[in-house]
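Enquirer: Work out the full structure, taking the sequences as your base and the hints as a guide.
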Amino acid sequence: GIVDWIEAHILDTLPVSTIAKKSGYSHWYFQRQFAMVTGCTLANYVSRRKMTIATIYLTQTQASIQSISQCLGYDGQAAFCRTFHRHFGMSPTRYRREAPGKEMNMQYPLTVEGKDAQVRRSAAVAADQDQRMVFGVMTRRAPT
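Numbering (the numbering used here), first residue to last: 6 to 149.
For the record, the hints were derived by calculation from the structure and aren't laboratory data.
Certain hints may be false.
Claimed, not checked - Using C-beta positions, here's what the derived DEER-type ranges look like:
#, residue 1, residue 2, range
1, Met95, Trp10, 28 to 36 Å
2, His32, Glu12, 19 to 27 Å
3, Gly29, Thr66, 35 to 43 Å
4, Ser31, Ala104, 37 to 45 Å
5, Arg37, Gln67, 40 to 48 Å
6, Asp9, Ser96, 19 to 27 Å
7, Gln75, Ala48, 18 to 26 Å
8, Gln75, Met95, 17 to 25 Å
9, Met41, Ser69, 24 to 32 Å
10, Gln67, Gly29, 41 to 49 Å
11, Met41, Gln71, 32 to 40 Å
12, Gly78, Arg102, 35 to 43 Å
13, Ala68, Met41, 22 to 30 Å
14, Asp17, Cys45, 17 to 25 Å
The structure displayed is predicted, hence computed values, not measured ones.
Cβ coordinates follow ideal geometry from the N, Cα and C atoms, glycine included.
Expert: Following this line, the structure appears as structure tokens:
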């Protein structure tokens, strides 16, 4: 599905137009459907996912801030640091030093949750139908 595709390409530059084209829908329609199903915009989701990945790099590697910013597709270290600070309220350097082990404002990949495989507001489901990726919300219980 499209969410799996986004996750597989999360470290790439992901213009909404590219993702919308992959889904088979217009830019506008795709963004609206994504926000309706997930509760956040696609750009916000991708940014939050990249920030969550950044915390992993900061706490589990000795990679420089510059290397991490390049790996995550930022134009420069300053842009990465501004986004990180806006998201976590501290610089990447301070996070590396003070926050390991704390879960702060993380965005994990979208998943289907629950015993009955119902989609929660924070989750999205993408299904292939007629060669197109379609967002949908399951409203029935899974067969038992």
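Enquirer: If a hint holds in the structure, say so; if it doesn't, say that too.
Expert: To see whether the hints hold, each was checked on the structure:
1. Met95 with Trp10: 28 to 36 Å: holds, 32 Å
2. His32 with Glu12: 19 to 27 Å: holds, 20 Å
3. Gly29 with Thr66: 35 to 43 Å: holds, 37 Å
4. Ser31 with Ala104: 37 to 45 Å: Roughly 40 Å apart at Cβ, these two residues keep to the hinted range, so it holds.
5. Arg37 with Gln67: 40 to 48 Å: Given a distance of about 42 Å, which is inside 40 to 48 Å, the answer is holds.
6. Asp9 with Ser96: 19 to 27 Å: violated, 33 Å
7. Gln75 with Ala48: 18 to 26 Å: holds, 20 Å
8. Gln75 with Met95: 17 to 25 Å: Cβ of glutamine 75 to Cβ of methionine 95: about 21 Å, so the range 17 to 25 Å holds.
9. Met41 with Ser69: 24 to 32 Å: Given range 24 to 32 Å: violated, Cβ gap about 39 Å.
10. Gln67 with Gly29: 41 to 49 Å: At roughly 42 Å between Cβ atoms, glycine 29 and glutamine 67 fall inside 41 to 49 Å, so the hint holds.
11. Met41 with Gln71: 32 to 40 Å: holds, 37 Å
12. Gly78 with Arg102: 35 to 43 Å: At 25 Å between Cβs, range violated.
13. Ala68 with Met41: 22 to 30 Å: violated, 37 Å
14. Asp17 with Cys45: 17 to 25 Å: holds, 20 Å
Against the hints set out earlier in the document, violations occur for numbers 6, 9, 12 and 13.
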